[in-house]
Amino acid sequence: MMTVLHFINVGQGNMVLIQTADGRHLVFDCNITIENKGDVLSYVRRIIGRAPIHAFICSHRDSDHMRGVRELHNQNTIGSIWDSDYPGTTTTSPEYLDYMALRRQVGSQTIKKLTWEDFGRTRLRFMSAQDYRLERNANAQGIVIKVEHRGYDRNVCLGSAMLTADSDAETWRYGITKDYGSADLCSSVLMAGHHGSITFFDDPADTKNYYFDHIINMAPEVTIISVGQNGHGHPDKKALQFYEHYSSGAKNGKKIFRTDHEGTMKLELKDDGLWSLNINQ
Numbered sequence: 001m002m003t004v005l006h007f008i009n010v011g012q013g014n015m016v017l018i019q020t021a022d023g024r025h026l027v028f029d030c031n032i033t034i035e036n037k038g039d040v041l042s043y044v045r046r047i048i049g050r051a052p053i054h055a056f057i058c059s060h061r062d063s064d065h066m067r068g069v070r071e072l073h074n075q076n077t078i079g080s081i082w083d084s085d086y087p088g089t090t091t092t093s094p095e096y097l098d099y100m101a102l103r104r105q106v107g108s109q110t111i112k113k114l115t116w117e118d119f120g121r122t123r124l125r126f127m128s129a130q131d132y133r134l135e136r137n138a139n140a141q142g143i144v145i146k147v148e149h150r151g152y153d154r155n156v157c158l159g160s161a162m163l164t165a166d167s168d169a170e171t172w173r174y175g176i177t178k179d180y181g182s183a184d185l186c187s188s189v190l191m192a193g194h195h196g197s198i199t200f201f202d203d204p205a206d207t208k209n210y211y212f213d214h215i216i217n218m219a220p221e222v223t224i225i226s227v228g229q230n231g232h233g234h235p236d237k238k239a240l241q242f243y244e245h246y247s248s249g250a251k252n253g254k255k256i257f258r259t260d261h262e263g264t265m266k267l268e269l270k271d272d273g274l275w276s277l278n279i280n281q
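First residue of the sequence shown: 1, per the working numbering; consecutive thereafter.
Any given hint could turn out to be false.
[Unchecked claim] Here are the simulated DSS-like pairs of lysine-lysine, each with C-alpha atoms no more than 25 Å apart in a straight line: (1) K237 - K208; (2) K266 - K251; (3) K238 - K254.
It is worth saying that the hints were derived from the structure and are not from the lab.
Here the structure is a predicted model, which is why all the values come from computation and not from measurement.
Full structure from sequences and hints, please.
Structure below.
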């Protein structure tokens, strides 16, 4: 059975529904709003019905990564909430308080970096989570996941997607790339950092140069950007140039796919090592 990821169009936020090879369902981040609630919940219901969600994985506790998770739970019961146990910067927001109440209700698991969970032939590798090396950087305390579809020999990765959440250049330069080599970072598909923000490449500690080692090691074929109407300038024009340059391209040559242009997308990681991306789902 394939590993399938649904990059759901939730506007300016993130939400990825993961269908594992052993038939379980996980959701990475959530941004259900008054405006998109009907579309998002009906899409999830069309894909998995009323089946329970094994775990909701919150990359970090910013509103656009956990908004509306209770609405999701009311439709598809969430078994557990996983996060890095880092409080974040919006601890008094309504979204934060609702998230924490649900977290206490269903139970939680703290995700540690350099660990993984297997679901049949689907492996979730937690490339980063709370990192003592980057204590002053809230986005660096979030979870980065590499979703891998593995062969019958679990040592062989057939295809993968790197879910970077809001991680920035500092997260990768002083964290993830210190812990992993290029073979571990190589990914078929990359989900752009922080909705296409330049922070994925712009390390404030090195003002003279952009940082590219992470994307060179990942060597993605395509990059997916989860983004909606916003006042932050996402996706950044310079970042788009970098993603275009460092992504090798799909069969049709297209390198960048955006939820605000292509809508919800379904990525299938297949047993033969190939992948397919279907848009406007």
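Evaluation of the provided hints:
no.: 1; hint: K237 - K208; verdict: holds, 18 Å
no.: 2; hint: K266 - K251; verdict: holds, 16 Å
no.: 3; hint: K238 - K254; verdict: holds, 18 Å
When held up to the earlier numbered hints, the structure conflicts with none and fits them all.
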